[in-house]
Amino acid sequence: MPSLAVRLGTLLLRNPLLSASGTYGHGLEMGGFCAPSGIGGLVSKTVTLEPRGGNPAPRLCETEAGLINSIGLENKGVAQYLEEVLPEVASADCAIITNVGGHHDHEFADVVAMLDERDEVDAIELNLSCPNVDDGKLPLATDPKRAESVVAGARARTRKPLFAKLSPNVTRIGDMAMAVESGGADGITAVNTLLGMAVDWRTRRPGVATIQGGYSGPGIKPVALRCAWECARNVTIPVIGCGGIQTVDDVLQYLVVGCRAVQVGTSSFWNPANLGDLASQLAAALAEQGIDDVNDLIGTLEVARR
Amino acid sequence: MFRGFERERIATDAAADPFGVAILTGPMPAPPKDAVSQLATVVSSRPCGSDAVVLRLAPERPFEPLRASRFFMLRREDGTAPLIPRPYSVYRQGGGASSSTGEAPWVEFLIKVMGRGSRALEAAPIGSQLRLIGPLGNGWPVLDGDGAPWVMLAGGVGSAPFPMAIEQALRGMDGGAAVASRDLHFLFGARDRGLLYDLELFERLGVNVHTATVDGSHGMQGHVLQLLDALQAAGSIPKQIRVLACGPDPMLEAVHARAIEEEWDCWLSLETLMGCGVGICNGCPVPTREGGALAGWPNAKCCVEGPVFAARDIELVGH
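Just so you know, the sequences run in chain order C and H. If you're matching positions, the first sequence starts at 1 in UniProt numbering and goes up one per residue. If you're matching positions, the second sequence starts at 1 in UniProt numbering and goes up one per residue.
Hints listed in this document are in silico derivations from the structure and should not be mistaken for laboratory results. If you're wondering where the values come from, they're calculated on a predicted model, not measured in any experiment. Backbone N, C-alpha and C fix where the C-beta goes; we use that ideal spot for every residue, glycine too. Among the hints, a few may not be true.
What the hints assert, rightly or not - Where chain C lies over chain H, by a calculated footprint (3+ residues, C-beta under 8 Å): (1) 28-42; (2) 282-296.
As the list claims (entries may be wrong) - Below 20 Å or equal to it, Euclidean Cα-Cα: the simulated SDA-like pairs (lysine to any residue) are: (3) C:K221 <-> H:L294; (4) H:K239 <-> H:D215; (5) C:K76 <-> H:A81; (6) H:K33 <-> C:D134; (7) C:K221 <-> C:A198; (8) C:K76 <-> H:L294; (9) C:K76 <-> C:A65; (10) C:K221 <-> H:G79; (11) C:K76 <-> H:W297; (12) C:K145 <-> C:R202; (13) H:K33 <-> C:A35; (14) H:K33 <-> C:H106; (15) C:K76 <-> H:G296; (16) C:K76 <-> H:L231.
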């Protein structure tokens with residue numbers, strides 16, 4: 001049985017499989033499909049300072065090889081998360097990573113400070129990159145200085161491992177990666193959804209009520225894989241790959257390009273047991289290749305010599 | 001390091017659950033405890049009405065008897081299009097211990113062929129395997145014989161959650177009194193006769209079956225609510241009724257408006273777009289109604305808090 005444990009800074013995971021924020025609830029609800037004891041960790045749906053009712057329906061639109069969503073960070077706010085959700089989630093036998101969002105820059109630091117006081121939270125992921133608020137302008141995900149400043153603000157309020165989730169909707173994601181590393185992030189999640197759009201030409205109506213939304217699923221994997229690779233080659237902190245993962249081959253590809261862990265998102269919608277299944281399949285795939293430790297595979301991309 | 005906590009049960013309050021299924025409430029609405037993600041073999045596919053098929057699936061792991069109007073997510077596994085599974089009410093259930101012929105346990109789904117997802121399911125070869133996630137959702141409330149007569153309003157393919165509902169009501173549910181067949185009215189409306197799917201099946205169940213078609217090709221000409229009005233005016237159905245409804249959005253909006261106006265005890269089985277069916281994608285919001293049991297948050301999740309809602313708990317206009 002190969003060793004699957006990986007380290008993200010001071011956070012040790014039993015294996016590299018994590019849920020992606022916003023695609024697995026808070027995680028424990030899915031216990032009937034995926035035992036937390038079989039995966040590395042659960043990343044929460046985005047938590048914000050104030051409750052958010054989310055966007056109007058339709059919020060989803062299936063498209064070619066993927067799905068466009070515009071949920072709009074619906075959540076009941078950090079107070080409810082701290083009081084009601086965390087005590088329940090804490091019973092999960094895996095890492096608990098809380099994803100934090102905010103409308104104003106200071107909200108990130110405020111929520112992080114509240115989470116810092118709670119032992120149940122093993123790590124914090126900053127959602128710098130939700131495309132479904134602020135009219136898709138992605139202010140934090142496209143401005144390296146501002147991203148660095150938000151990360152630094154959060155860094156000042158916690159010693160827990162802090163990850164920054166980046167957007168693929170930039171020209172040079174490596175610059176964003178370096179910025180959040182300078183801000184004090186312990187890791188980078190690459191990437192959030194791509195801005196996308198669908199339209200029903202017969203009714204002339206857009207696929208989601210907000211017109212544009214976040215495109216995810218198998219169709220984005222080549223884009224996301226490249227982003228993860230570019231992040232990994234530009235920083236020394238760990239990178240968590242995310243985007244279009246549905247099979248164990250996808251997981252292995254992200255590891256080879258330099259990711260220390262991966263997040264599984266949209267594929268949970270068509271098989272909520274997939275996350276746990278991938279963890280078992282990863283062990284089998286490594287064993288088949290005679291690899292004793294998953295860490296021996298990470299960042300082993302071979303570049304052709306001329 | 002891992003904390004190694006024992007998993008604890010999420011808070012449930014079975015006593016306060018009129019549906020009698022273990023829908024998990026509390027801070028994190030969750031799918032039912034009996035839901036599984038598995039493969040099921042296509043046993044048969046029979047044409048039904050002018051544009052539907054009844055797909056019979058044999059799951060690898062069979063289910064306990066299912067309450068009518070619970071649902072499953074269905075998806076073909078042989079390819080990536082369509083990507084997202086589709087929700088379907090369980091239409092009928094059989095085989096296994098209930099079978100005298102020793103056939104394997106099966107569930108059936110009534111599938112109206114109308115888009116990419118339903119076309120793919122219709123074309124699934126006999127013997128192929130589909131992803132089957134469920135059983136999901138709450139199902140109809142307990143249909144008991146102790147109160148006003150039950151009126152079931154079905155619009156087109158919205159008839160799917162009713163064959164089992166009628167059987168369960170006549171048999172008696174969860175220790176409640178069985179419903180007498182004279183106190184059960186099934187009102188079936190559709191655009192034309194070809195969309196009154198499996199009408200003969202309903203007629204064989206021994207309850208009062210009435211039909212309406214928009215083109216007048218079967219039963220009264222008009223909509224299902226006009227049919228109800230006519231039957232009440234004629235004295236065939238009393239004023240005091242309890243109502244279940246399932247059908248297209250305009251029909252449900254009209255039923256909802258009437259239910260609020262006339263203060264019916266009324267439950268609606270909603271069909272919304274769903275990405276997952278298990279509460280994780282947040283794509284199926286149903287606006288909640290002020291003063292209702294779900295007030296306090298602007299949206300309920302159709303998949304894990306429904307698909308059956310009391311009319312007084314939700315808003316439907318523009319839904």
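Hint check results:
Given a C-beta distance limit of less than 8 Å, the hint that chain C covers the stretch 28-42 of chain H holds, as 8 residues qualify and 3 suffice. Only when three residues or more bring their CB closer than 8 Å to a CB of chain C does the claim for the stretch 282-296 of chain H stand; here the count is 4, and the claim holds. Distance restraint check for K221 (chain C) and L294 (chain H): the Cα-Cα separation of roughly 39 Å exceeds the 20 Å cut-off, and the hinted pair is therefore not satisfied. Distance hint between K239 (chain H) and D215 (chain H) is unfulfilled; the C-alpha atoms sit about 27 Å from each other, more than 20 Å.
A hinted pair counts as satisfied when its Cα atoms are at most 20 Å apart, and K76 (chain C) with A81 (chain H) does not qualify at roughly 34 Å. With a CA separation close to 38 Å, the supplied pair K33 (chain H) and D134 (chain C) exceeds the 20 Å bound. Simply put, K221 (chain C) and A198 (chain C) have alpha-carbon atoms about 19 Å apart, close enough for the 20 Å limit, and the pair holds. Only pairs whose Cα atoms come within 20 Å are accepted, and K76 (chain C) paired with L294 (chain H) is accepted, the gap being roughly 14 Å.
Between K76 (chain C) and A65 (chain C), the direct Cα distance comes to roughly 31 Å. Violation of the 20 Å bound is thereby established for this hinted pair. The hinted pair formed by K221 (chain C) and G79 (chain H) meets the criterion: a straight-line CA distance of about 16 Å does not exceed 20 Å. Distance check on the hinted pair: K76 (chain C) and W297 (chain H) sit about 8 Å apart at the alpha-carbon level, within 20 Å; holds. Distance check on the hinted pair: K145 (chain C) and R202 (chain C) sit about 43 Å apart at the alpha-carbon level, beyond 20 Å; violated.
About 13 Å separates the Cα atoms of K33 (chain H) and A35 (chain C), which keeps this hinted pair within 20 Å; it holds. Of the supplied pair hints, the one linking K33 (chain H) and H106 (chain C) is violated, its CA atoms being roughly 40 Å apart against a limit of 20 Å. As the CA atoms of K76 (chain C) and G296 (chain H) are separated by approximately 10 Å, the hinted pair is consistent with the 20 Å bound. Simply put, K76 (chain C) and L231 (chain H) have alpha-carbon atoms about 46 Å apart, too far for the 20 Å limit, and the pair is violated.
Comparing the model with each earlier hint shows violations of hints 3, 4, 5, 6, 9, 12, 14, 16; every other hint is respected.
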